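Protein chains: 2
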Amino acid sequence: MKLTAVIMAGGKGERFWPKSRLNCPKQFLSLTGDGETMLQKTVRRLEPLVQIEDIYLVTNAEYLTLVREQIPDLPEENILSEPCPRNTAPCIGLAASVIAKKYGDAILFVLPSDHLIHAEEIYLNTLKKAADAAMQDENLITLGITPTYPETGYGYIKYRRGSNQNGVYAVEKFVEKPDLPTAKSYLKAKSYLWNSGMFIWKASSILKNMQKHMPELFAGLAPIAEAWGTVDFEKILNQKFPALPSESIDFGIMEKAENIYTIPGGFGWDDVGSWLALERINSTDENNNMLEGDVISIASRNCTICGNSRTIALLGVSDLIAVDTNDALLICHKNSTQEIKKILAELKAKNRLELL
Amino acid sequence: MKLTAVIMAGGKGERFWPKSRLNCPKQFLSLTGDGETMLQKTVRRLEPLVQIEDIYLVTNAEYLTLVREQIPDLPEENILSEPCPRNTAPCIGLAASVIAKKYGDAILFVLPSDHLIHAEEIYLNTLKKAADAAMQDENLITLGITPTYPETGYGYIKYRRGSNQNGVYAVEKFVEKPDLPTAKSYLKAKSYLWNSGMFIWKASSILKNMQKHMPELFAGLAPIAEAWGTVDFEKILNQKFPALPSESIDFGIMEKAENIYTIPGGFGWDDVGSWLALERINSTDENNNMLEGDVISIASRNCTICGNSRTIALLGVSDLIAVDTNDALLICHKNSTQEIKKILAELKAKNRLELL
Chain A
3 MKLTAVIMAG GKGERFWPKS RLNCPKQFLS LTGDGETMLQ KTVRRLEPLV
53 QIEDIYLVTN AEYLTLVREQ IPDLPEENIL SEPCPRNTAP CIGLAASVIA
103 KKYGDAILFV LPSDHLIHAE EIYLNTLKKA ADAAMQDENL ITLGITPTYP
153 ETGYGYIKYR RGSNQNGVYA VEKFVEKPDL PTAKSYLKAK SYLWNSGMFI
203 WKASSILKNM QKHMPELFAG LAPIAEAWGT VDFEKILNQK FPALPSESID
253 FGIMEKAENI YTIPGGFGWD DVGSWLALER INSTDENNNM LEGDVISIAS
303 RNCTICGNSR TIALLGVSDL IAVDTNDALL ICHKNSTQEI KKILAELKAK
353 NRLELL
Chain B
3 MKLTAVIMAG GKGERFWPKS RLNCPKQFLS LTGDGETMLQ KTVRRLEPLV
53 QIEDIYLVTN AEYLTLVREQ IPDLPEENIL SEPCPRNTAP CIGLAASVIA
103 KKYGDAILFV LPSDHLIHAE EIYLNTLKKA ADAAMQDENL ITLGITPTYP
153 ETGYGYIKYR RGSNQNGVYA VEKFVEKPDL PTAKSYLKAK SYLWNSGMFI
203 WKASSILKNM QKHMPELFAG LAPIAEAWGT VDFEKILNQK FPALPSESID
253 FGIMEKAENI YTIPGGFGWD DVGSWLALER INSTDENNNM LEGDVISIAS
303 RNCTICGNSR TIALLGVSDL IAVDTNDALL ICHKNSTQEI KKILAELKAK
353 NRLELL
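Quick mapping for you: the protein sequence lines, in order, are chains A and B.
If you're matching positions, the first sequence starts at 3 in the numbering used here and goes up one per residue.
If you're matching positions, the second sequence starts at 3 in the numbering used here and goes up one per residue.
For the record, the hints were derived by calculation from the structure and aren't laboratory data.
As the structure is a prediction and not an experimental result, all values here were calculated from the model.
Calculated lysine to aspartate or glutamate pairs in the EDC-like style (CA-CA distance at most 16 Å, straight line):
1) B:K350 to A:D296
2) B:K210 to B:D107
3) B:K336 to A:D321
4) A:K352 to B:D296
5) A:K160 to A:D252
6) A:K336 to B:D321
7) B:K210 to B:E260
8) B:K21 to B:D329
9) B:K352 to A:D296
10) B:K350 to B:E16
11) B:K242 to B:E228
12) B:K21 to B:E356
13) A:K336 to A:E281
14) B:K103 to B:E55
15) B:K160 to B:E260
16) B:K179 to B:E257
17) A:K175 to A:D252
18) A:K350 to B:D296
Facing chain A, from chain B, some residues (calculated, C-beta under 7 Å):
19) L316
20) V319
21) A330
22) I333
23) E341
24) L357
Which stretches of chain A does chain B cover? Using the computed rule of at least three CB atoms under 8 Å from a CB of chain B, they are:
25) 292-306
26) 339-351
Built from N, CA and C at the ideal position, the CB exists for glycine as well.
Turn these sequences into a full structure, and let the hints steer you where they fit.
If you want it as structure tokens, here you go:
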């Protein structure tokens with residue numbers, strides 16, 4: 003069966019302000035110092051497994067230019083541009099419908115566009131195993147990550163102990179982002195995985211589940227998929243897509259469906275969820291500072307600094323994040339990275355839209 | 003007797019990097035948000051007491067353009083440009099010699115160019131009283147400031163208890179910058195004042211003391227003063243000045259001379275000694291932040307931020323100083339302001355002279 007990928011690239015990347023902006027969010031930025039953007043990494047690492055003609059990219063209409071610039075080989079019709087964000091269920095449903103129309107049926111690797119994978123060979127082998135598992139029945143496969151600390155920012159997957167079949171585990175349930183005591187209990191229970199947001203299934207499997215659990219969405223997708231490949235597609239998409247129910251695939255399907263399996267992935271996953279990730283990803287100096295750009299650091303430690311054109315001198319500071327851009331500078335305590343949205347709210351309130 | 007002023011404007015202002023630079027140090031900057039530079043304030047506040055023709059300005063040769071731009075009314079011959087820094091004794095000696103040549107004798111108000119005075123009327127009345135006291139005998143008058151905390155960055159003046167004559171006190175001794183326990187004991191003793199570095203004396207008084215306590219300097223100044231007002235002045239100054247002994251007026255004269263008096267000045271003095279001064283001088287928000295420029299502050303307190311052209315967003319930080327300029331950004335803990343010279347040393351070591 004044909005292997006295809008669905009890359010979700012419509013995110014706003016607000017936690018990476020001020021580098022990430024509405025007109026160029028996180029997935030279109032290089033955060034690893036190698037000049038390759040997160041999206042380019044996502045596409046490039048699939049090369050040995052999925053042909054570029056079989057990669058579908060769902061994004062917001064305003065990012066079309068960025069997608070074309072960064073992935074010039076991607077066929078134009080493979081870019082599905084949402085006129086407005088409607089969360090992951092419509093995004094995935096649209097791609098699955100289009101792929102079902104083109105190939106009859108196919109395996110879908112449904113992947114975020116802004117995650118980092120350290121061991122790409124192991125990752126590809128995991129995807130292959132997931133494709134094999136997804137081929138059977140109407141199995142829905144999700145990649146899980148074994149937790150190493152009680153993260154409260156991720157959803158969790160509880161797998162059934164003793165259900166291991168060649169590295170594939172039956173899923174008992176999906177659970178939402180926990181509070182800290184709950185996250186600690188999950189870590190202790192040793193039967194929970196982080197939900198990485200990467201899914202593998204046949205187009206037919208996810209669409210059947212959509213028909214059952216999200217019939218309104220399923221019905222709404224039909225005329226859009228019907229128009230795909232015709233001159234009317236964009237018009238129909240813009241007409242019909244905004245009316246689809248806004249829902250996540252986790253809540254809409256994964257928490258209700260049967261035949262869900264997970265493969266714990268040992269491929270070095272990082273969701274690069276905030277500026278804090280940069281010190282994990284990039285090298286640090288002897289005082290645990292991650293310094294990018296022209297930075298002089300004196301008596302300073304545990305800082306993450308992303309310079310731009312000017313010299314930055316640090317003196318006697320610690321646990322700070324500073325990100326410099328041409329028009330905005332962020333100076334943030336490491337404990338406050340989850341509050342960056344408050345800055346964006348204030349900029350909105352002040353009508354400083356050019357800075358969003 | 004003629005009232006003249008000698009303004010010392012040759013400082014490098016290193017503690018105000020990155021705004022203060024070798025080619026435009028602190029005294030040529032506006033630090034009070036009103037657009038008036040420290041030097042302009044110093045000259046302007048003397049207006050009711052000293053005519054502009056009687057103000058002499060000693061500075062480094064490379065600041066001539068800045069002085070002419072900022073004080074356009076100052077007669078060209080009143081600008082004494084040192085070819086190299088030689089501390090305050092040669093600076094004051096040169097000005098006293100020139101003034102003695104021009105006026106026979108005169109009162110000199112010897113004043114730093116980078117201090118702030120909050121109550122200018124009281125300041126002028128204090129200068130008048132000091133001039134009266136300096137007129138008698140060969141009295142050397144210094145303005146003292148009653149300490150409010152045990153500052154270790156200033157020299158101290160011990161006055162003789164019971165010596166008060168109409169607000170003028172006899173000085174028992176000058177003492178160098180103390181360590182903290184000593185500074186605390188001075189505060190407790192209640193007979194010590196901060197040495198403000200502002201002096202009032204007759205040209206004849208200081209020159210006689212120079213002849214006695216610094217004969218080498220006195221002799222070296224003679225040919226320079228002789229040439230003042232002639233076409234040869236600049237040539238002679240550049241030839242002879244570098245050979246003068248580099249010494250402070252405090253150590254060279256004030257610690258040795260007799261007839262020293264001090265007037266405790268209640269005119270709201272601030273030497274604006276570091277970035278920490280800005281929160282004293284300028285208004286702060288409800289979280290004790292001094293925010294200048296386009297700054298958004300969320301959950302941040304006790305910060306001093308000098309913005310430039312870009313927006314600065316603060317999030318969850320405290321006790322920080324950030325100063326933005328076109329080519330350099332300082333991020334410094336408030337406890338580290340005295341270490342800014344380490345940044346300058348590192349820039350020098352890296353041959354980044356354009357940033358000094």
